[in-house]
Structures are given as C-alpha cells and as structure tokens.
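Using the hints, position chain B against chain A.
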Amino acid sequence: MSLHIYLIKSGTRKNEVDFVTSFFQNFKEFKIQTVKKILPDDVQLISFDEKNTYFENLANNLYDSEKSAKIEFDFVFRENPGLLTLNNPFDGNIFGTIEVEIFSNKTENNKVNTFFDAICQNLIKKEELDVFFAIHKPLLSRAYVDLIEEGEENPLDCLYEYDSKGIQFFIKLLKVLEILAEENTELNELYEKVRGNDKNYLSSKLWKDERIRNYAFALAERNNVVALEGSFKLYADNPEELKAFYESMIKQILEPIFDDVPLIDDKIKKVSSKIKN
Amino acid sequence: MVERPEDAHRRAPDDIPPIGNIKSVCHAYEWEKKFGYPLGKIRAADYYVEYSHTAFGSHWLIEASRSHLHSQLKQLCASAEFFASKKIQVDNYLVVLDELSRRDKQKYRTSEITLKPLKQIQEKLDNENTREYKIRNKAVFLIYRRDFERLKK
Numbered sequence: 000m001s002l003h004i005y006l007i008k009s010g011t012r013k014n015e016v017d018f019v020t021s022f023f024q025n026f027k028e029f030k031i032q033t034v035k036k037i038l039p040d041d042v043q044l045i046s047f048d049e050k051n052t053y054f055e056n057l058a059n060n061l062y063d064s065e066k067s068a069k070i071e072f073d074f075v076f077r078e079n080p081g082l083l084t085l086n087n088p089f090d091g092n093i094f095g096t097i098e099v100e101i102f103s104n105k106t107e108n109n110k111v112n113t114f115f116d117a118i119c120q121n122l123i124k125k126e127e128l129d130v131f132f133a134i135h136k137p138l139l140s141r142a143y144v145d146l147i148e149e150g151e152e153n154p155l156d157c158l159y160e161y162d163s164k165g166i167q168f169f170i171k172l173l174k175v176l177e178i179l180a181e182e183n184t185e186l187n188e189l190y191e192k193v194r195g196n197d198k199n200y201l202s203s204k205l206w207k208d209e210r211i212r213n214y215a216f217a218l219a220e221r222n223n224v225v226a227l228e229g230s231f232k233l234y235a236d237n238p239e240e241l242k243a244f245y246e247s248m249i250k251q252i253l254e255p256i257f258d259d260v261p262l263i264d265d266k267i268k269k270v271s272s273k274i275k276n
Numbered sequence: 000m001v002e003r004p005e006d007a008h009r010r011a012p013d014d015i016p017p018i019g020n021i022k023s024v025c026h027a028y029e030w031e032k033k034f035g036y037p038l039g040k041i042r043a044a045d046y047y048v049e050y051s052h053t054a055f056g057s058h059w060l061i062e063a064s065r066s067h068l069h070s071q072l073k074q075l076c077a078s079a080e081f082f083a084s085k086k087i088q089v090d091n092y093l094v095v096l097d098e099l100s101r102r103d104k105q106k107y108r109t110s111e112i113t114l115k116p117l118k119q120i121q122e123k124l125d126n127e128n129t130r131e132y133k134i135r136n137k138a139v140f141l142i143y144r145r146d147f148e149r150l151k152k
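Going down the list, the protein sequences come from chains A and B. Its first residue numbered 0, the first sequence is counted upward by one per residue in numbering that gives the first Met the number 0. Its first residue numbered 0, the second sequence is counted upward by one per residue in numbering that gives the first Met the number 0.
Bound-form chain A, shown alone (with noise of 0.2 angstroms):
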C-alpha cells in the first residue's frame, strides 16, 4: 500500500534527483530526516543543511551519484515515519523508479499505516496528487498506490492510479475482464470475444472516442469512482466500489460492442463442417 512511481527509462539520475527533491517541496509534510546513498558494499549518509540551500545542496550532492546505488530519503510524515527510495534500474524494475512508504508509529494513537491510509484519511490530498504528476507528465511513465503487494498486475487492486497514456485507461478495462472472466462463464463468452483484438488497438479506439470515454467517466463518478482525463487517473475509495464500475463498464460499453461478434470457435466449425472430406 505504498506509491510506486515508474519514471522514464531515458532519464537520468539528475532527472530522477529533481523529480525526487521536487516530490519534497510540493508535500511539505514529507519532512526529510537523514538521506543515505547505498551501494552494495557501502553505505554513505549524505549531508544537507537546512538553511536557505536546503534542496539546491541536496540535489547537488545526489547529481552524480553512480545509477546503481539506491538512494534512501528517511522522512517523517505528521507523526509516522516514513522512507522514500531512489531505486537504482534493477529494483527500480520490480519496485518502481520511486518508492514511498508510510508506516506506523507502533503506538496507541497510531492513525496512518500506510500511504494509502494518508490518501484516505486526506492527509494526502490525491487532488495535489494528481496534479505534481501532470506537472512532471514528460518524465512520468506511471504511478500508482496498490491494495496490497500484488497490486501492479491486478487493477482492482490498484485504487490511486496516474498513468501518462490514456489508453491504459481501458486496457486496465480488459485486464478485469480477463480477471474476473476465470470465475464467471457468462464474462467468460464475452472475453472470448474481446480476446482475439489487439488490446492497444482497441483500448486506444475506445479512448479516443470522446463519447464513449465521457460515458465510462459518468460510470465512474455514478460508483463513487474518480476518473479523470488529461493523462489517465482513477481514485476509489474502496475496492468494492471500483470492482463495480469496472463491472458496469464490462455491460454497458464491451458487451454492447461485442454482442452480434461471433464466437470465433464457432466460425471456425462452421467453416471446418463446410470442408468436403
């Protein structure tokens, strides 16, 4: 339940330090504590003052930094401590290029656990979210914060999302409709359909369609669902809520698509039956 950022694969460490020292002056709240540069066999706790130069130091001291060491950023949160990672291009693969984590105080008057408790609670407003990532759009692959671990593969698990192409919007569409088309046979006819397209290809058909996107975004909105256009963000306070909208975008824009399409095993017997032995 912790913000995982994939920046660009092209950019540099500078860019990944200015994204990172940028992320700190925006949510002033985030309050940095001890940074440390971390390579595997050594450990460097980088200096900073907290004058005037605070983030110009930073940032200079971090430039050159080789891109295989990690970065940590120990921060406090309100009253939780927290640790924001500058990953190097291995973990940066399977964790992000950016990570932030929230955790908790271990005490009695503990509120916040996690990142996404933050969002939830309003403590971090996904508004100003949504708007640091538009601002760092060029450098920005996508973002997320997932329900649990496995978040990344499955977008009902995935309930703060910012990703720079809008297509992705209704690719993460035909993603649940794979997900939930294992348990349901009903759902599953109707992806045996869908299957056989290009995801991209259709995904970028339907987004493009000002309608069609207009309707999946009155969807939203009707299941408690933020989606928004510029890039692509969606917001879900719960993960029933936005199981629900993805459920209604399944019947009321894929199945009226794909109604009259025929099952493409049955085209296939129909023409085999046709072959003279």
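Keep in mind the hints are simulated off the structure, nothing from the lab. Don't take each hint at face value.
[Stated by the list, open to error] Calculated Cβ distances over 10 angstroms to all of chain B for the following chain A residues: (1) Phe-29; (2) Pro-80; (3) Asp-208; (4) Arg-210; (5) Leu-227.
[Said to hold, decoys possible] Dumping the calculated BS3-like pairs for lysine-lysine here, alpha-carbon to alpha-carbon at most 25 angstroms: (6) B/Lys-151 to A/Lys-69; (7) A/Lys-192 to A/Lys-207; (8) A/Lys-35 to B/Lys-137; (9) B/Lys-133 to A/Lys-27.
For every residue, glycine included, the Cβ atom is placed at its ideal position computed from N, Cα and C.
Just chain B now, with coordinates in the frame of chain A:
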C-alpha cells in the same frame, strides 16, 4: 492497525516463533520508554525477544507486521541501526511472513525450509547473482507462520 498494548500482546503468539524458550518479549510500543526509541521518527520492527537458548543466539529483533518482505526489511534495518547505536545486544534478525509476493520473489531468494538466511538477487535475475542479505553484517532469517507448529515438535 492501532498498536494498543492489548492488541500487541494478543498478536505476539502468532508473530514470535517458538525457536527456543522465550525468556522475555519487549514490544515495539515499549521501546520508547525502555530504550528511548523515537517511534514517530524512526521505522520500527515489532519485538525484541530474548530466548533462553537458540542455535543462533539469544537476542532477536523480529519484524512481523507488514505483509511483504521488501517492506518488512526496511523496518528491521532502521531498528537494527538504532539498537546498534545504543549498544543493545542483538544476535539475529528475523522476518515472519505469510507468503512471498510476486515482487518479493523477483528480488529475494528464500529456501523452502524456513529459518534459513535470506538471499537477495543482484542486478540480474539468476541464481549466480544472489548474495546473502545482511543487516549490520549479520544474516537475516525468514520464517513462515505456517511453520511455527512444526518448530514446536
């Protein structure tokens, strides 16, 4: 999860493996009073446990609260640094886990037999690039909750 003392005590039997006779358990919420641990500022593991005897040493720092290994290690590392700075004896580090997530499997290698040192993969996804994951030059052990019963036998 609110760390009320009664919740912490109720959860402890599910979190602390029976790898020896437990002599004392110091819950994270007690660390501030006992060791001056700044709980709101430094990430914290869950228990500082003294066993009367184990094959590896008596004082263990245990992390069992998060659902995935990658995040658990971050809490364990921060606590390890604090305990070392205060010269408090820690012989071993232990993560208690229910299962390894898909992402954790990409990064860490664990033996099917638990209570073995944890390994991490470096740079390439192959076994040749694994090395023991260490905190303060000591191995980190991992145990699955489902194996607690087996340890009692």
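*Identify every previously stated hint that the structure contradicts and give their numbers, smallest first.*
Result: hints 2, 6 and 9 break, sorted rising.
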